[in-house]
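*Asks:* Each protein sequence line maps, in turn, to chains A and B. The numbering used here applies: residue 1 is where the first sequence begins, and numbers increase by one. The numbering used here applies: residue 1 is where the second sequence begins, and numbers increase by one.
Rather than coming from a laboratory, the hints here were simulated on the basis of the structure. Among these hints, one or two may not hold up.
[To be verified] Derived pair list, reagent style DSS-like, types lysine-lysine, alpha-carbon separation capped at 25 Å:
(1) K743(A) x K8(B)
(2) K708(A) x K540(A)
(3) K708(A) x K667(A)
(4) K40(B) x K293(A)
(5) K791(A) x K825(A)
(6) K96(A) x K540(A)
[As the list claims (entries may be wrong)] Some but not every residue of chain A turned toward chain B, in silico, with C-beta under 8 Å:
(7) L87
(8) L88
(9) F227
(10) L246
(11) F734
No residue lacks a Cβ here, since even glycine has one placed at the ideal position from N, Cα and C.
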Amino acid sequence: MNNGLAQTVLITTLYTLLIFLIAWYAHHRKETGRSIVDNPYIYTLSIAVYCTSWTFYGSVGKAATTGIDFLLMHLGPSLMAFSWFFLLRRIIRISKDNNITSIADLISLRYGRSLWLGALVTVFSVLGIMPGIALQIKTVSTSFHLISGFSADSIRLSRGAYMVSVPSGILLTLILSIFSIIFGARKLASSERHEGLIAAVAFESLVKLISLAGVGIFITYFLHNGFSDIFIRFREAHPTDFSRLLTINAIHTSADVIPPFTMLFLSMSAIMLLPRQFHVMVIENINENHINKAMWLFPLYLFLINLFVMPIALSGLLVTGSTANADFFALNVPLLTGHPAIAMLAYLGGLSAAAGMVMVESVTISTMLLNYIFMPVIVRFTPRIWFPYLLINLKRFGIFLIIFLGYFYYLIAGNAFTLVNMGMISFSAVTQFMPAMLGGLYWRRGNRIGAITGISLGFITWFYTLFLPSLAKFGWLQASVLDNGPFGISLLKPTAMFGLSGMDPWSHTLFWSMFFNVGSYIICSIILRQDEQERDQVTKFIGTIEAEHRHRYHTEARRLSKPVTIAQFATLMSKFIGESEARQAIAGYIGDRYIDAAGNVSEFELTNLKRFAEKTLAGSVGAAAAGAIVDSFLSDMGSRMELVYDIFSTVRTSLDQSREALFVRLKASEIINRTLDLQIIMDDLLDFLLKEFKLDIALILLRDADDKLIIKSYHGSSHNPIPESHWFYESKPFCDEVSTTNKTYVINDTALASQAIELNRTIASSIVSCAYIPILREGEASLGIIAVFSKTISGLFAEEFIGLLESLAGQLAQAITISREIEAKEQERTQKEQALLLNARINRDMEIAQQIQISLLPSTAPELFGIEMGGRCISAAHVGGDYYDFFLRDDHTVDLLIADVSGHSVGAALIMAEVRTLLRPQVNVAHSACAILKSLNSQLYDDLTRAELFITMFYAKYNSATGRLSYANAGHNHPLICREGEASCIELDAEGLIIGVKPSVIFEECCIELIKGDVLLFYTDGLIEATNREGELFGAQRICNHLKTLHHLPAQDIIDSFYSAVTTYTGLEAFQDDISLVVLKIL
Amino acid sequence: MLKQLRLKLLNRLQLRESWIIFFIFGIILLNFPFLHIFNKSDTLFGIPLLFTYFFVGWGISIFIIYLFTLAIENSGTKQMERRQP
């Protein structure tokens, strides 16, 4: 009916315009910097391009024919989402780092930028996706026919005399191609991100969901009364079918039944490896963090879109009564029950699903075609000015090609299969990439030959066991081959290889293809070795997450033999990506790098520039082709990559020098630990550095006590100490810098650096590169600097080398610290020894003095009839200033005295010895007490004044016949007499100054009668001034009381008792002052 | 209390191992032994058993993934806090 046709065409056109608008709007927003695509919801919806019209129509068909197992095709991706955080994130990081443009890029890059591998992946992708695209074309044309009622196969256009009949299929294909080109191949972008395309795809995913859910809700709740209603009704109508459809049957009765595991496996690999999935998940990903949301939003999407599939299928079976055309139940049921609007909704949903898939798939595969099939051919020709145009048109041609190949497949095989099965053929194809991909990401040994063999064998198996048989019914393969195997060899029967019969074709293909694929991949990877390039890539790939932490500048072990200017690189790039793009890229790169007026960059920056050029070109032509282009360009310029002799003067192209580095550290550690002599260590270490690393000059500077850097060791062209005018002093600013920042300072090219700082003399001595490494232990201030220079190699001080030198400096710092500590300890020890020695000597002297003093005091008291005497002196220190003596004049006269020199030092003791000497002759002259004191005073006055000492003395004479005691006192403590019957003690006092104050003093003489039973106590102030803990003095009263309790004891016991009383009273072991006691008892 | 429980749960989920465990668990749940258990044509309130198994299980697994993403964000913020001195 024409109405239906016109209406349908109109609505289709309007819908298409809407999509265009959205795409244009998204593109516009990106240009102005406020992208609407940069959010996780759009990202998730774009991943939902997985649900093509295969999901939309095919699932319903499968649900109606084989039952609920259709769900497994979506459960697989849902399960796979678990792994995205690790797997997908890793893939995205690697891809972003290397400007990857397609899955072929990734695989080819990992296996050493292999062009062959990339080409292989591309060809197989094209073949594998043919059924998929055919599927989409089939659904669109069928649904179009259904909804418009237009059933003719071709459209007739009449224009006057001409009548052209165009098969509607071709028209559709053309339209799809044009859409895809507009969305995806407007220009040769260098990042392959198409925000317009993504916005369109996301919108289409939304429409898909709304459409299918809408149809589902309509059927479930309007046509019937809910879920349970459908199930119950269906069960009543077709009970056997119910149990068949709603359970999973293990019986492989037809090619339509696929075991759950196979479906799971295929769908899990498909979600990652289908070119469109890879493109949308990895290449078009804007922000890694979107993955987090997508991980659960995408399964949710799948959940929602599949929720109503079963009801629709069952309802379709109920309404139509058969499984004919089951794929299109979603359309037919509304149509047949008289709801054309809902049917239109379904139609739009299916259209969206198909269009989205075709657009993304064709664009990404066309990119692969361009990079791996067309470019390798083009690269052989010199770049011309029209190359950018050629490239973009080749890309567009590729899109046409792919879609038309799909159409071609549709023509041949389209009507033989249910939709789902056509999709499954594609899934089986892309699963062949799985071993190479997973192995590439997680297995270090996976190598290129293995990947190529694996993929090839896998594909051959797929082709033979699945693809060919699918075309068998149309004469592409003789039926006899199918039944009996080629040339009659039944073991090679395509559907039952090697006798594995009884399996459905999908599991059969899956098993054999994986067997050969994985098997040959592993075998080849183990047997054969990887080459240099591959190993580099392996470190890049598998070490990629850890590499985040390494921020430092990356210098090359290779360099260009002839300098190339930036302008030349820019010209090369513009030939492929257009001038304005090239300019932009270069401007962004130059940024903060240092170039001189002619556009030259320092020599070792050139390799970075080369890498940048490769990376930029890779965005447009693929990594492998970009490498080839730049290499051929450079060889045209006459510049090659030379290998720089690395630090061990062996030619290496990779940075694997860990064993040599270990040896160096070991040797250095030997040198350092061999001796304690710091100078030897430093000299030997510099020797070692010069020999081992072929440096020319090396110095060690250390900080001395004033914090100035002094050259401690200098080894180089001459061994003499360096003069003031030496070129090294130009490096002073660097040394200061190193000292302040505690970081290594490197000049890899003195010519370049001399433009900022004056280095004339340095350059004049042909120094080409130098480094200043601080000698320090971690976390401490620097102890000095190691300065090394090379006259031959610039760019010598690469990251690894500096790391090595720094570790040597660290070891040296440790040695210096230890040696300094040892020195300090030695000094301390000698000081201590000397102090101890001195102390011992002094002690010994003091002990001698003590002995002498004791010998000067009377050892025993003299005996006189009728009296008992005793005396004792205990000094506070070794020697004291107290003195007492007894002189026996005759049988009945005895002199007693007690004296105290101020202080209790050696000086006091010496004075006391002098007193004793002076006293002896005096005594014999039978003077009175006061006369003796007077004489002593005048004789001692000079000495005492000079020594600034004083003496207190109490001198008494006792006559036992008369019982009279006459005495004189020179400021001494009053002796006490304890008399029986008297309550308190009698104090003896006489007037007199202490000795040593005035040269001439008159002393008073007194006397007293002593009676039997008297006890006389002489003491020095040590006794009376003994303080206890509370600060109370012993005091005269206490002495008296104590004496009263003891007066019956013998003299010596009285004295001992007083000493213990004082000890108890003070609570101390030693006395605070000398205490001398003399006791006279009258018996 | 709920917040503590939540944090504990999230901490547990951060282990890389727990991801793998859930992944393998999912594969097991979608294969023959478990499918066979539910592979009967009984109905639960009129809805077939297998149908319920799939969809309820699916919903639960989506929820678990959601918890995992929360755990990731949790550890992400923790790492940010740790980096700032």
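*Asks:* Confirm or reject each hint.
*Replies:* How the hints compare with the structure:
With a CA separation close to 43 Å, the supplied pair K743(A) and K8(B) exceeds the 25 Å bound. Taken as a hint, the K708(A) and K540(A) pair is broken in the structure, with Cα atoms around 45 Å apart against an allowance of 25 Å. A threshold of 25 Å between alpha carbons decides the hint, and for K708(A) with K667(A) the separation of about 30 Å lies outside it, so the pair is violated. Under the criterion of a C-alpha separation no larger than 25 Å, the hint pairing K40(B) with K293(A) is inconsistent with the structure, at around 36 Å.
With a C-alpha separation of about 42 Å, the suggested pair K791(A) and K825(A) falls outside the 25 Å cut-off, and the hint is violated. Straight-line distance between C-alpha atoms of K96(A) and K540(A) comes to about 12 Å, which keeps the hinted pair within the 25 Å bound. At its closest, the beta carbon of L87(A) sits 10 Å from a beta carbon of chain B; the interface hint therefore is violated under the 8 Å criterion. Using the Cβ-Cβ criterion of 8 Å, the hint placing L88(A) at the interface with chain B is not satisfied: the shortest such distance is roughly 13 Å.
Annotation: interface hint on F227(A) holds; nearest CB of chain B at approximately 6 Å, less than 8 Å. Taking 8 Å as the C-beta cut-off, the interface hint given for L246(A) holds, the closest approach to chain B being about 4 Å. The beta carbon of F734(A) comes no nearer than 29 Å to any beta carbon in chain B, farther than 8 Å, and the hint placing it at the interface is violated.
Figure legend: structure checked against the earlier numbered hints; hints not met, in rising order: 1, 2, 3, 4, 5, 7, 8 and 11.
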